[in-house]
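Enquirer: Protein chains in written order, with this note's numbering: chain A, 5 to 446; chain B, 90 to 470.
One should not assume that every hint holds.
As the list claims (entries may be wrong) - Mimicking BS3-like on lysine-lysine, the simulated pairs with C-alpha atoms at most 27 Å apart in a straight line are:
id	chain 1	residue 1	chain 2	residue 2
1	B	K290	A	K113
2	B	K431	A	K15
3	A	K28	A	K13
4	A	K28	B	K162
5	B	K141	A	K13
6	B	K267	B	K290
7	B	K91	B	K141
8	B	K343	A	K13
9	B	K333	B	K266
10	A	K361	A	K427
11	B	K343	B	K267
12	B	K162	A	K15
13	B	K343	B	K333
14	A	K427	A	K301
15	B	K470	B	K431
16	B	K466	B	K267
17	B	K91	A	K113
18	A	K16	B	K141
19	A	K16	B	K162
20	A	K206	A	K222
21	B	K141	A	K427
Simulated from the structure, these hints should not be mistaken for laboratory data. Quantities reported herein were computed from a predicted structural model and do not represent experimental measurements.
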Amino acid sequence: MFKALESVKYKKPPFILLRDADRKALFESGLEYNAPARGVWNIVHMGLLVPEGHQVYVCAQGCLRGVALTVAETDQMDRLSWVSLSEEDMFDGTLESDVVDGVAEVIEKLPGRPRCVLIFLSCMHLFAGADYEVILDQLREQFPDIDFVDCYMTPTMRETFSPTVWLTKRMYSLVRPLPLNERSVSIIGCERETDAESELVKIIRENGFTLRDINYCKTYDEFMLLGESALNISYLPTALAGNSELSERTGARALHLPNSFDYSVLRENYTRLCEALNIGLPDLSGCEARAEAALSKAMSALSDIPVAIDFTAVTRPFELALMLSRHGFNVRYLIADSVGEDAAAFEMLRAEQPEIKLFSSVNVNMFSAAGEQSEPVLAIGQKAAWFFTTDNFVDIVSNGGLYGYEGIVKLCALMEDAFYNPKDRRTVIQQKGWGCSCNAQI
Amino acid sequence: MKNVSRILPMYTADTSGVCSALYELGGMTVIHDASGCNSTYTTHDEPRWYDKRSMMFISALTEMDAIMGNDEKLILDCVSAAEDLHPAFIALCGSPMPMMTGVDFEAIASEIRERTGIPTFGLHTNGTLPYISGASQAFAAIVREYVRRVPKREGFGVNVLGMTPLDFPLGAEVSVKKWLEANNMEPVCNLGMGSTLEDVKQMTSARANLVVSETGVEAAEYLRRYFDMPYVFGVPAGRGFAGKLAGLLRSASKEAAVLPEECLAYGEAADTVVIGEGVYGASLCAALHEDLGINARLLCPLPAEDIFYSHTNNTCLYAEEDIEAFLQSTRPAAVIADPLYKFIIPAGTRHIPLPHLAFSGRSFQRSIPNLINTEIKEYFK
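Isolated chain A, as found in the complex:
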């Protein structure tokens, strides 16, 4: 891929050297390309995590299609309905009443009463100044047995709050305060279960605490029990705001323990966790040694094969690149459009590995990037696999549930596996919602 791009002088280059990157604006904005790597979860996948919930989207036909087919591909069409908006709806004074009447009609037609309804309003409602409170008040009056929550599919507003952050806040707003239980701990805002073998989960469980997570909940009542947790933990950047809001409402303590590839951050995380749980910090030296051994083993296997990392695989791609390069891996390519919570690692990496090539995933000139494989590359992430045309890739999204030292151990194993065992890239990366069932004929 790189050779194809390197030979052209672009007005808006799709890649730069890391030494030339400004973390506040990696690339100039412009038209955007959409790579066929679909593993990142969307708001529909997230909404489906609410047990016994029903989603209703109210927006234009074009916007509805993506959400409707997301549930079609996961065989959960019975959990989503929609009300389409037309141009006339914007101007005839029925914007709010259409939502109320449409949602009410959907509820009446459902074979059973949902415990809650997530109503997704759109950019059109925001721009038209729709009165959400009126909508919710009328529906709550009409259906007092159902919890309603306003959610937002407003990509135009993504520079304020991303749709994922918004939805995390709204989903957990359903949880009502309960008397706090000091032995109950919740993990907030994850799209999948956290690895049960991670130190995070083991410390909580092995010390006799009950661990709650929306991913464990089979019923709405179980989900409501998150309201009794005295400690709420988030580690994905998109979950931070939701955790803060939930914890403030329930009176729980909120801890944000970012999923890091920096041992000092991990140690600090576990120290904070143990303090919050009022337990002693376990000896982590063995965990760190295991991570080091796994990195050495993977390094021996991979040798000097170029490694490409994309921002969809892990939430701290620059920190991962820094860790790997410090352990001798040939990290040569990064794909990221912005710098997130690993800004410090970005600066260190820029100083230590200034020749790393940093690619935009959406730059228009990337549309022709994938094609013939120009060199063997081990990719971490689906977009990296696509752009570098390699079947040797680690297939994870948003850390894949991995966490901590154990997460590093397992990521190393995944890298080794990817090195030895090519994947069916075409099928794997086009499946929507990593880890979800997907019946689409890709």
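For this one, chain A is given, so just place chain B on it according to the hints.
Expert: Here is chain B on its own, set in the frame of chain A:
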């Protein structure tokens, strides 16, 4: 309510129609939108996206640019991308937000054309209409921009209008070409699948146009009005109807559009309902009768010429509640429709799945049959 759906998905929108129609023509298509339109199109509506490169982009519209009406950013971004990518043309189309802020796409297109020297056109989409609207506009825009009068070829040349993967499986363009050749006609341009801009420029060397979906009507009308080219509606499905359609195409008059009488002739005594796009669905009704003796009626839930609603009391039944009520009241023995219609098929009625990409996206894309000039008995037995 007509705009409420409990469980059925919706047909894809006008923006996807534009992109699908222009995909193979070497241009750059820009949807003025935040993000969703392009990912929905490239994920669910475009089976060529993984294997075949095409310049389909979004403008990544932001809150502030929408509020402030920052059209200059869109213009500059298009100009910059055009300088990097050298598209043959640029097509701009809109989504809900530009509709609300009143973006003037024609003016923006004019500005981009001026600055780049590249043919540029603005299309009136807003994400609230079905794909038929967008694809129709796109085909018509291409024809208006590139078709000029050229000498007629010696043989009986035919253009195919309205073929996109939204309505036809990949490979249909090859089948229709073979069908034309087998009937001593020369394929000139299959607008949308399998042809280039150079083929478009040769369109008036043909003697007739075959309109295989509603998306081709606007372009066909333009060619009839300005280049005296007759057109015939029809998809050469099955064997018997395909043969009759070939004959009709050869004898087409430039005076009017022709719909083969077989298409909608057997609705009265029908025990089968076909749900689908108008031209395709009506052609299938004809093929079912010609090849299998099945009387079928058409339920077209999409924009179409009025004649295509003649089996549903001259009304377009597009709402879930209306389609469900129609099937409940008519209680057909069989319904031929996309697999996702399964949720509203009455008990006791047989559902013969006929996947339609414009409805169920990629969910069943490998199961979409190519019914052109082939035996259909096996599929509908």
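Enquirer: Against this structure, judge whether each hint is valid.
Expert: We went through each hint and held it up to the structure:
Between K290 of chain B and K113 of chain A the CA atoms are separated by roughly 53 Å; this puts the pair beyond 27 Å, and the hint is violated. At roughly 50 Å between alpha-carbon atoms, K431 of chain B and K15 of chain A are farther apart than 27 Å, so this suggested pair is violated. In summary, the hint linking K28 of chain A to K13 of chain A is supported, as the alpha carbons are separated by about 24 Å, within the 27 Å threshold. Distance hint between K28 of chain A and K162 of chain B is fulfilled; the C-alpha atoms sit about 20 Å from each other, no more than 27 Å.
For the suggested pair K141 of chain B and K13 of chain A, the alpha carbons sit about 23 Å apart, so the restraint of at most 27 Å is met. For the given pair, K267 of chain B sits about 22 Å from K290 of chain B by alpha-carbon distance, which is consistent with the 27 Å threshold. With a C-alpha separation of about 38 Å, the suggested pairing of K91 of chain B with K141 of chain B is violated against the 27 Å cut-off. The straight-line distance between the Cα atoms of K343 of chain B and K13 of chain A is roughly 51 Å, outside the 27 Å bound, and the hint therefore fails.
Annotation: proposed proximity of K333 of chain B to K266 of chain B holds, straight-line Cα distance about 16 Å (limit 27 Å). Taking the CA atoms of K361 of chain A and K427 of chain A, the gap is near 25 Å; set against the 27 Å cutoff, the hint holds. Between K343 of chain B and K267 of chain B the CA atoms are separated by roughly 24 Å; this keeps the pair inside 27 Å, and the hint holds. Of the supplied pair hints, the one linking K162 of chain B and K15 of chain A holds, its CA atoms being roughly 15 Å apart against a limit of 27 Å.
For the hint pairing K343 of chain B with K333 of chain B, the CA-to-CA distance comes to about 19 Å; that is within 27 Å, so the pair holds. Between K427 of chain A and K301 of chain A, the direct Cα distance comes to roughly 21 Å. Compliance with the 27 Å bound is thereby established for this hinted pair. For the proposed pair K470 of chain B and K431 of chain B, the alpha carbon gap of about 18 Å is at most 27 Å, so the pair holds. The hinted pair formed by K466 of chain B and K267 of chain B meets the criterion: a straight-line CA distance of about 20 Å does not exceed 27 Å.
Distance check on the hinted pair: K91 of chain B and K113 of chain A sit about 14 Å apart at the alpha-carbon level, within 27 Å; holds. A distance of roughly 23 Å separates the Cα atoms of K16 of chain A and K141 of chain B; the hinted pair therefore holds under the 27 Å criterion. For the given pair, K16 of chain A sits about 14 Å from K162 of chain B by alpha-carbon distance, which is consistent with the 27 Å threshold. Between K206 of chain A and K222 of chain A the alpha-carbon distance is near 22 Å, which keeps this suggested pair within the 27 Å criterion.
Between K141 of chain B and K427 of chain A the CA atoms are separated by roughly 21 Å; this keeps the pair inside 27 Å, and the hint holds.
Checked against the numbered hints given earlier, this structure breaks hints 1, 2, 7, 8; the rest are met.
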